[in-house]
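With the hints as your guide, set chains B and C onto chain A.
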Amino acid sequence: MATATGTVRTERVRGQFFLPAVITGFLALMLGLLGFEQFLNAMTLGAIYALIALGYTMVYGIIELINFAHGDVFMVATFVSIAVSTTLLGQTGAVLDIPTLIISLIVLFTVTIVVMALVGALIERLAYRPLRNAPKLAPLITAIGVSFILQNIIQFFVGPYITNVPQLFSTQWAFTIGESRVPLLNLFVIGSALFLMVVLQLFISRTKTGRAMRTTAMDRDASSLMGVDINRTIMITFLIGSGLAGAAGVIHGLYYGNTTFTLGFQSGLKAFTAAVLGGIGNTAGAALGGFLIAFVEVGAAAFGFGRWGGAIVFSLLVVFLIFRPTGLLGSSTGDRA
Amino acid sequence: MSAAKGAPDLVLKATAITRRFGGLVAVNKVDFEIPRGMIAAIIGPNGAGKTTFFNVVAGIYAPTEGHIEINGKRLISPPTGASREPALLLVPLIPFIGLALYFLLVVGGLAGFYEGVLSVVLALLGFVSVLLLTIVRPLWYVRFIKRFGITRPARPNDMVEAGLARTFQNIRLYKSMTVLENILVGAHVHLRSGFLGTIFQTRRTRDEEASVERESRELLAFVGLAGTENEIATSLPYGKQRLLEIARALAGKPQLLLLDEPAAGMNPKETAEMTALIRRIRDEKNITILLIEHDMRVVMGISDRITVLDHGEKIAEGQPAEIRSNPKVIEAYLGRGAASGH
Amino acid sequence: MSTLTARFAPLRARSNAYFAQHRSLGVLVAVITIGVALPLISRIPPFGDLQSMNAWVNAFTIAGIYALLAVGLNVVIGFAGLLDLGYAAFFALGGYTYAIVASPFFDIHLPFWPMLIVGALIGAMFGIFLGAPTLRLRGDYLAIVTLGFGEIVPIVLLNADPFTGGTNGLGGVDKPVIPGILEFTLINPWPFYVLMMVMIALVMTVVFRLQDSRIGRAWDAVREDELAAESSGVNTVISKLQAFAVGAAIAGFVGVFNAAKLTIVAPDQFKFVVSISAVAAVVLGGMGNPVGVAVGAFVIYLVQSIFLKQLNTLVDNFNIPVLQEIDFLEFQYVLYGIVLVLMMLKRPQGIFPAKRRIRIFKDTVGGAK
Chain A
1 MATATGTVRT ERVRGQFFLP AVITGFLALM LGLLGFEQFL NAMTLGAIYA
51 LIALGYTMVY GIIELINFAH GDVFMVATFV SIAVSTTLLG QTGAVLDIPT
101 LIISLIVLFT VTIVVMALVG ALIERLAYRP LRNAPKLAPL ITAIGVSFIL
151 QNIIQFFVGP YITNVPQLFS TQWAFTIGES RVPLLNLFVI GSALFLMVVL
201 QLFISRTKTG RAMRTTAMDR DASSLMGVDI NRTIMITFLI GSGLAGAAGV
251 IHGLYYGNTT FTLGFQSGLK AFTAAVLGGI GNTAGAALGG FLIAFVEVGA
301 AAFGFGRWGG AIVFSLLVVF LIFRPTGLLG SSTGDRA
Chain B
1 MSAAKGAPDL VLKATAITRR FGGLVAVNKV DFEIPRGMIA AIIGPNGAGK
51 TTFFNVVAGI YAPTEGHIEI NGKRLISPPT GASREPALLL VPLIPFIGLA
101 LYFLLVVGGL AGFYEGVLSV VLALLGFVSV LLLTIVRPLW YVRFIKRFGI
151 TRPARPNDMV EAGLARTFQN IRLYKSMTVL ENILVGAHVH LRSGFLGTIF
201 QTRRTRDEEA SVERESRELL AFVGLAGTEN EIATSLPYGK QRLLEIARAL
251 AGKPQLLLLD EPAAGMNPKE TAEMTALIRR IRDEKNITIL LIEHDMRVVM
301 GISDRITVLD HGEKIAEGQP AEIRSNPKVI EAYLGRGAAS GH
Chain C
1 MSTLTARFAP LRARSNAYFA QHRSLGVLVA VITIGVALPL ISRIPPFGDL
51 QSMNAWVNAF TIAGIYALLA VGLNVVIGFA GLLDLGYAAF FALGGYTYAI
101 VASPFFDIHL PFWPMLIVGA LIGAMFGIFL GAPTLRLRGD YLAIVTLGFG
151 EIVPIVLLNA DPFTGGTNGL GGVDKPVIPG ILEFTLINPW PFYVLMMVMI
201 ALVMTVVFRL QDSRIGRAWD AVREDELAAE SSGVNTVISK LQAFAVGAAI
251 AGFVGVFNAA KLTIVAPDQF KFVVSISAVA AVVLGGMGNP VGVAVGAFVI
301 YLVQSIFLKQ LNTLVDNFNI PVLQEIDFLE FQYVLYGIVL VLMMLKRPQG
351 IFPAKRRIRI FKDTVGGAK
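Protein chains in written order, with our numbering: chain A, 1 to 337; chain B, 1 to 342; chain C, 1 to 369.
None of these hints come from the bench; they were simulated from the model.
Accuracy of the hints is not assured; some may be wrong.
Covered stretches of chain C, as calculated for chain A (at least 3 residues, CB under 8 Å) [claimed, not checked]: (1) 80-88; (2) 126-140; (3) 143-150; (4) 154-163; (5) 267-279; (6) 296-305; (7) 344-354.
All C-beta atoms, glycine included, are put in the ideal place defined by N, C-alpha and C.
Isolated chain A (complex conformation) (with noise of 0.2 Å):
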């Protein structure tokens, strides 16, 4: 008994450094690989594709769906971002003013955020709901459909040209490490997209709602039979999915400055990717995923395969999907396979 809870213990502990480790050994390598400029960037990338992977995973551990949309809604939520910082601020540029910067990016978020988790939530409400009990097939045609219909609701009002996103930061503003220059944009992004993804391990992890989520991925008829409301479950899962990728939104917007309708589809895969390579289901391992990602296309690039940056990453997806479809870290809600 004694050995048994010793080992238990070891485990533990390695398993708490392990991980740790391993991601420094990683970022020290990268940064030694791609120069200092190159892996600012993936970080970057790594922390939009992070925030839209964990969408994908939370609907997919709740209800085994590939929510073909949720790409999509991240494009849209790019768009929605314009619409708010140019209402807000008109159509200028860099904001000097630092109180109005920090008040504007706080409206800027949370609006875009409430947005688009109201505009997931409506789909899974018309699209999905309906189809709860379904065959599979039927609900992941569905959730392409949707991806079209958003898409060219976006093409024809926007039209198919690729559109400025206002850039509410200065590019003179940077910190200088070294002989290396830091934009306060970079470390603004890769702050933001941490607090949140912090934010919702301590929400899925500490809140009741989180719980009934978690009881929910495990045994949705079980955890119905105890009380959860699973509708309502599935509709928080959705709002919160769209709200990251809202998020996600706004800060591709201030980082890259423009958009264009058929960008959800491209980072959506990629970000689905990201997804299957942490261990669908598991929200640490989406974010894992996603910087993972951004590393293999940012290097890629780098070392002149830039054209190939797709390919490989989904040649990465299927290989994974095939070898290893539990992911690197394994799913947190068990294998259903």
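Frame of chain A, contents of chains B and C only:
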């Protein structure tokens, strides 16, 4: 290989079957054999491991220990040598990969590039074809890797080919297909027509289809479903769906038929008909039968031999009369107090 | 009167039995009827005013391409129940196979007819190539892997310039020739139209025959209940691979025709939209019903390429400022989305639900002879 002289002709011989799920031992060292022509039953309280044992025999779960012979042929043993298989599979790829490396690295340049690409494509094709073997797992391949200490238990479809057929506790028909089509699927292993025969509708294919259709109709008549050929399977009443499932299993021309609670959910009249049918299957078609059943009237009425499982272990085996008075069985079913009070 | 009916009754019974046994003849009769009727219908006033006869015939030919793609994809989705979202990749592979061996690019000019078969075989090969590692996956993962494959193939075609001509693709692809009798041209749409009808008849016959065979029944069984199918002796892996291969073969077959018809192949022609339009056609027509999905594809194509285009000119004539701004052609993609969502929510079995085939007892037919 085959049974020793004088020994009974065994259709099924299961030796020391154990199946664990994580820490739970669902079936524990069960020995079981059925001589040809017998109607044998397995009974036991809920969770005794009856269905798990069934699933091991049918090839759905691989056993953790033990092995199973059908007609003297060992078909199922625990999988071994999993790590050796990839290494073995790499062997046929070596020439392809060597060719690719030779062109890309040694010849080099543009001339080497095209041939190199070609060799890589060849290597990939080789890889996929080898991969196909591991997935499709034809019998000759299973036999081949056995020489290298790699065993792969037969899968359900292999077991059907070896002469075993089964029904399910909760009826699993092909819901949207017609009654006749359900039975035709059951006869799948006995049909040989391939793509070309089908596309060009050769004489052989047409003859095969005609004869299998005739046999299927005869089977329907045999179980008492004549006239329902073109109805959708799930439109049949419950009792008839059970009959259809049995007919589908019979279409595989099995030597051993596994029936998982054939009389579950039936009224007394239907149960009596089912009992008669099971007996007719044995008597008229010479098929050995192994059944799991909760309804004691059915079990006691038709079984030549009854095996009792409890907590995954075989606690008794014998003729119905013996089982009925066996104190261990009564204890398993009714608890210790009832046994001592009896 | 009654004597007359009585005299014809055995004849009718015999012809019914005959067609039940010879569905391929039924396909032939139907395709010939439709093939003749379509150009005639296009002369009837509302249609005839829209565009010229040749333009209609040309449109029907292209609609035929989409119909065949839907029929092929239906083997995978409707018969075997596997969602393939990268179907356009096989279409592309067929097209490129022909274009590489029949264009000025490598200055090889192999004849068209045998290449139809080669294209189908290449498609089937890649179908197995993709299916072998992935068919163990669960349905939704399979969908994603095929989607990934559908994305990778155009990227490879785009970047492997020495073989594929990169962005520009391969132009000047040879058109079919029947030596000494007929040369296909871009100006005259009729030969392509007739060829398309022949191909439809062929593919339909093959698909019907497969559906009615042990192979097709195994697909149905795998779709309905995989475990039960395995326990009925069906090797589910082989069965799924067969479905993948047949679907891919049909796409490759049509791909060769498409390359010859357009005389150019380029990565742009094989985007995700093509795969989705095929899925939409299958869902609209009714999964599992080859005729239904062909009609579905036909309808989708005609609506998007003729009706929406005409809507533009129509609206222009009315001089309503707001509506004039709209390019209705842009609605074709939203059309796919709406079709997918609405059909799944309201009528998942499609417009023409698949029906089981009624089998007549053949022994009576034998007795009547």
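If any of the earlier hints don't hold here, list their numbers in rising order. Violated hint: only 6; rest satisfied.
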